[in-house]
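Colleague: Okay, here's what each chain looks like letter by letter:
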Amino acid sequence: MVSEGLVSAALTLASSDFELFGLPVCFQIDTALLDRQWKQLQRQVHPDQFVSQSAADKRLAMQWSVRVNEAYQRLKNPLRRAAYLCEINGAPIRAEDNTAMPHTFLMQQMQWREELDEAPDVVAIEALQHQMIDEKKKLLQQCAQDIDLHADWINASHTVRALMFIERFEQDLDSRLDSLNNN
Amino acid sequence: MALLQISEPGQAPDPHARRIAIGIDLGTTHSLVASVRNGVAECLPDQQGRVILPSAVQYLGNGKRAIGHEALAAQAQDPLNTIVSVKRFMGRGVADIANVAGLPYELLDKPGMLSLQTREGEKSPVEISAEILATLRQRAEDTFDDEIYGAVITVPAYFDDAQRQATKDAAQMAGLNVLRLINEPTAAAIAYGLDNGSEGIYAVYDLGGGTFDVSILRLSKGVFEVMATGGDSALGGDDYDRAVVENVLSATGRSLNNASDKSRMLTAARHGKEVLSDNTEHLLQLELSDGPISHLVTRAAFEASTQHLTRQTLQAVKKVMRDAGIQSSDIHGVVMVGGSTRMPHIQSAVGELLQCQPLNNVNPDEVVALGAAIQANQLSGNNPNGELLLLDVIPLSLGIETMGGLVERIVPRNQTIPTAMAQDFTTYQDGQTALALHVVQGERDLVVDCRSLARFELRGIPPMAAGAARIRVTFTVDADGLLSVNAIETNSGVQAQINVKPSYGLSDDQIATMLQDSFHTAEYDKNARALAEARLEADRMWLAAQSALNADEHLLTVDEASVIRGLMAEVLTAKSLETPAAIEAATEALAKGTEAFAAARMNDGIRKALAGKHIGAM
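Note that the protein sequences, when read in sequence, are chains A and B.
Every letter in the first sequence is one number past the one before it in the numbering used here, and letter 143, counting from 1, is 143.
Every letter in the second sequence is one number past the one before it in the numbering used here, and letter 571, counting from 1, is 571.
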């Protein structure tokens, strides 16, 4: 019969993202395996596999396929994965009502935003973008340490909040680039 | 009909094993139908051997119409009643249409979607498209001398929800069982990728008659994963034609005085554009109402005057690469789709930007229909061990209006579908008992710059202090890319939901009635139709149950299996009756009775997937 692999038999729509994908619960994951598992799962549950089946089959397929995509998106994005880990370990991010950040971090943010406002051309914005990529790398390494090495969920949640500021700033950089490219 | 049914060992001994499934490319300028025959996808020709059906419908009066080549030929004589490029109007209002003055039609502003005034009265773009689709359905039925099980219809990847819904409605109106709407570039990638055994990252550049799409896909072992998509649903070869028209008019100082002139000029311009793909100049000559016109158009002048259009497409390509998080060096190849990509300056501009040779060894007119046929064949279950899996995305962000006319994004663009995403909102006044929700689609921050999809209200919220209510709004996008929205106040459980249907006023019932009126009156009366439909659904349900038992009976106890067999037998008995209601009841009972089995099969499938085994390999 079938070998069980990493997976327990009783997977439900309520299983955790990690259980669903048969991955160990940690920050640093095998992304190639994640991609493979995603495609493997969608092969089983995607609504396209149930087009000529009953309405009950179709409904279920839709629910499962949505759930698999949701988990995949969360696990694939390092920031969302870290936030999810903090959350299931009792340190929710609460981004909407907890925006208290260290003074130096906020000063740095303001400086970057000024630089973006004053950036004269695409080259200057791209330079700023490279700075962001470096900063993000540093913070993600910090996350990996907080979570996988120290299981320090409070510190990890601080790092995640900082990363959220950076991500927001990256989006602003992108839309500035879009508008420059379209003119 | 084949006299001998040859069935492979291990195949289900199913009399309906081979279902006729078709793929339809419903294009702006022309449409095609294709099907997989003997394992090969091919476009189906009409009786004269032509595979292309011009997307043109002429209303002749007295309920008669000409469709395709005949209609196109009549365009100059009868421009008002001969509708071409109707795809541009799908899901659109008059205000959305650029250059209304240049069109030879009388457009009527209707809520949700415009209509066209013809000698047979008002016609909606959905009805006109349904004529084209029904013609292709008929062509397929004649080819196979059989009923069509279902169809995959392609839409531009950049079509929004209103345009997709309108397309699906048109297909239903044409009497087609819509297996799936799929995106044109994705269909092209299937036809191309499966033929060439391609792996890696590919771009699809699809410049059709009226729409432009670009998609980036990752191909691996039969999985077509769309990484990002973009484009412009109002940019295409038609715009290049208009550039020729404008050049000729401004160079000669002439003007177009009536609908017939407009239509003649456009036809001559399109022909001129096509000639310039193989020649460096063309003498454009035609007769207008105020005398003949003659002008030498050169390729160089044509390219210069359309440079801004080409540049617009290249900007969309760059944007989609940014969205996919890739560089041009990551791209293995670019598939060119759509007749407009025959223009040499487009081939070279795309090749230069992506630094690879454009791939065009599959006919750019046919490739989309061929891909749709391959997917239709797979979806209808003709290819049970098929490796093909499409993971497509939503092209435009979806959100709702919040205070101050701002958009709160709920589903960002390029999310893999199907997807469901939710966000919590609250009330802003004490004692507020209702909340108006305005659903919009688009990338801009202001509601006025996005497309309005639907409005609905959540009523009956118990009076609470401002900010105390928790209203969870969930957007669900299905595998066709169509949206439904649900809102629930989580403290009280008060709920409201809406299937986002464009508000052009066609309910499912109306569609069914129109369907019957236009295509079936002669064949069926109402009861016969209901009976036929009930029997078809009963067949589908019975076959679904049988194939589930064949595959996974081991998941059931002996008793459970015998209950299901009993329900199946009742469906067969009911089918021989003449009452649709009895057949429907038996079908419904079987559906309910197999729900738990369906859930068990799904869980089993998932368990096997993670253990790295295919069901087929067990």
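Honestly, the hints are just simulated from the structure, not real lab data.
Hints may contain errors.
[Claimed, not checked] The calculated BS3-like cross-link candidates involving lysine-lysine, where the alpha carbons are at most 25 Å apart (straight line), are:
hint: 1; chain 1: A; residue 1: Lys76; chain 2: A; residue 2: Lys39
hint: 2; chain 1: A; residue 1: Lys76; chain 2: A; residue 2: Lys137
hint: 3; chain 1: A; residue 1: Lys76; chain 2: A; residue 2: Lys138
hint: 4; chain 1: B; residue 1: Lys64; chain 2: B; residue 2: Lys123
hint: 5; chain 1: B; residue 1: Lys110; chain 2: B; residue 2: Lys123
hint: 6; chain 1: A; residue 1: Lys76; chain 2: B; residue 2: Lys318
hint: 7; chain 1: B; residue 1: Lys608; chain 2: B; residue 2: Lys221
hint: 8; chain 1: A; residue 1: Lys58; chain 2: B; residue 2: Lys575
hint: 9; chain 1: A; residue 1: Lys76; chain 2: B; residue 2: Lys123
hint: 10; chain 1: B; residue 1: Lys123; chain 2: B; residue 2: Lys262
hint: 11; chain 1: A; residue 1: Lys58; chain 2: B; residue 2: Lys319
hint: 12; chain 1: A; residue 1: Lys58; chain 2: A; residue 2: Lys39
hint: 13; chain 1: B; residue 1: Lys575; chain 2: A; residue 2: Lys136
hint: 14; chain 1: A; residue 1: Lys76; chain 2: B; residue 2: Lys110
hint: 15; chain 1: B; residue 1: Lys592; chain 2: B; residue 2: Lys575
hint: 16; chain 1: A; residue 1: Lys39; chain 2: B; residue 2: Lys123
hint: 17; chain 1: B; residue 1: Lys64; chain 2: A; residue 2: Lys76
hint: 18; chain 1: A; residue 1: Lys58; chain 2: B; residue 2: Lys592
hint: 19; chain 1: A; residue 1: Lys76; chain 2: A; residue 2: Lys136
hint: 20; chain 1: A; residue 1: Lys137; chain 2: B; residue 2: Lys319
hint: 21; chain 1: A; residue 1: Lys136; chain 2: B; residue 2: Lys318
hint: 22; chain 1: B; residue 1: Lys575; chain 2: A; residue 2: Lys39
Colleague: Could you run down the list of hints and mark each one as holding or not?
Modeller: Outcome of the hint check:
1. Proposed proximity of A:Lys76 and A:Lys39 is supported: the alpha carbons are some 13 Å apart, at most 25 Å.
2. For the proposed pair A:Lys76 and A:Lys137, the alpha carbon gap of about 16 Å is at most 25 Å, so the pair holds.
3. Proximity of A:Lys76 to A:Lys138 is assessed by CA-CA distance (about 18 Å); at most 25 Å being required, the pair is judged to hold.
4. Of the pairs offered as hints, the one joining B:Lys64 and B:Lys123 holds, with about 14 Å between alpha carbons and a cut-off of 25 Å not exceeded.
5. As the CA atoms of B:Lys110 and B:Lys123 are separated by approximately 11 Å, the hinted pair is consistent with the 25 Å bound.
6. Annotation: proposed proximity of A:Lys76 to B:Lys318 holds, straight-line Cα distance about 24 Å (limit 25 Å).
7. Distance hint between B:Lys608 and B:Lys221 is fulfilled; the C-alpha atoms sit about 19 Å from each other, no more than 25 Å.
8. For the proposed pair A:Lys58 and B:Lys575, the alpha carbon gap of about 23 Å is at most 25 Å, so the pair holds.
9. Under the criterion of a C-alpha separation no larger than 25 Å, the hint pairing A:Lys76 with B:Lys123 is inconsistent with the structure, at around 48 Å.
10. Distance hint between B:Lys123 and B:Lys262 is fulfilled; the C-alpha atoms sit about 21 Å from each other, no more than 25 Å.
11. Distance hint between A:Lys58 and B:Lys319 is unfulfilled; the C-alpha atoms sit about 35 Å from each other, more than 25 Å.
12. Of the supplied pair hints, the one linking A:Lys58 and A:Lys39 holds, its CA atoms being roughly 19 Å apart against a limit of 25 Å.
13. Only pairs whose Cα atoms come within 25 Å are accepted, and B:Lys575 paired with A:Lys136 is rejected, the gap being roughly 64 Å.
14. Distance restraint check for A:Lys76 and B:Lys110: the Cα-Cα separation of roughly 45 Å exceeds the 25 Å cut-off, and the hinted pair is therefore not satisfied.
15. For the proposed pair B:Lys592 and B:Lys575, the alpha carbon gap of about 18 Å is at most 25 Å, so the pair holds.
16. As the CA atoms of A:Lys39 and B:Lys123 are separated by approximately 44 Å, the hinted pair breaks the 25 Å bound.
17. A C-alpha spacing of about 56 Å is found between B:Lys64 and A:Lys76, which places the hinted pair above 25 Å, so the restraint is violated.
18. Taking the CA atoms of A:Lys58 and B:Lys592, the gap is near 13 Å; set against the 25 Å cutoff, the hint holds.
19. At most 25 Å may separate the alpha-carbon atoms for a hinted pair to count; A:Lys76 and A:Lys136 meet this at roughly 16 Å.
20. Among the hinted pairs, A:Lys137 with B:Lys319 is consistent with the structure: their alpha-carbon atoms are about 24 Å apart, no more than 25 Å.
21. Distance restraint check for A:Lys136 and B:Lys318: the Cα-Cα separation of roughly 24 Å lies within the 25 Å cut-off, and the hinted pair is therefore satisfied.
22. Restraint check for B:Lys575 and A:Lys39: the C-alpha separation of about 40 Å exceeds 25 Å, so the hint is violated.
Violated hints, in rising order: 9, 11, 13, 14, 16, 17 and 22; the structure is consistent with all others.
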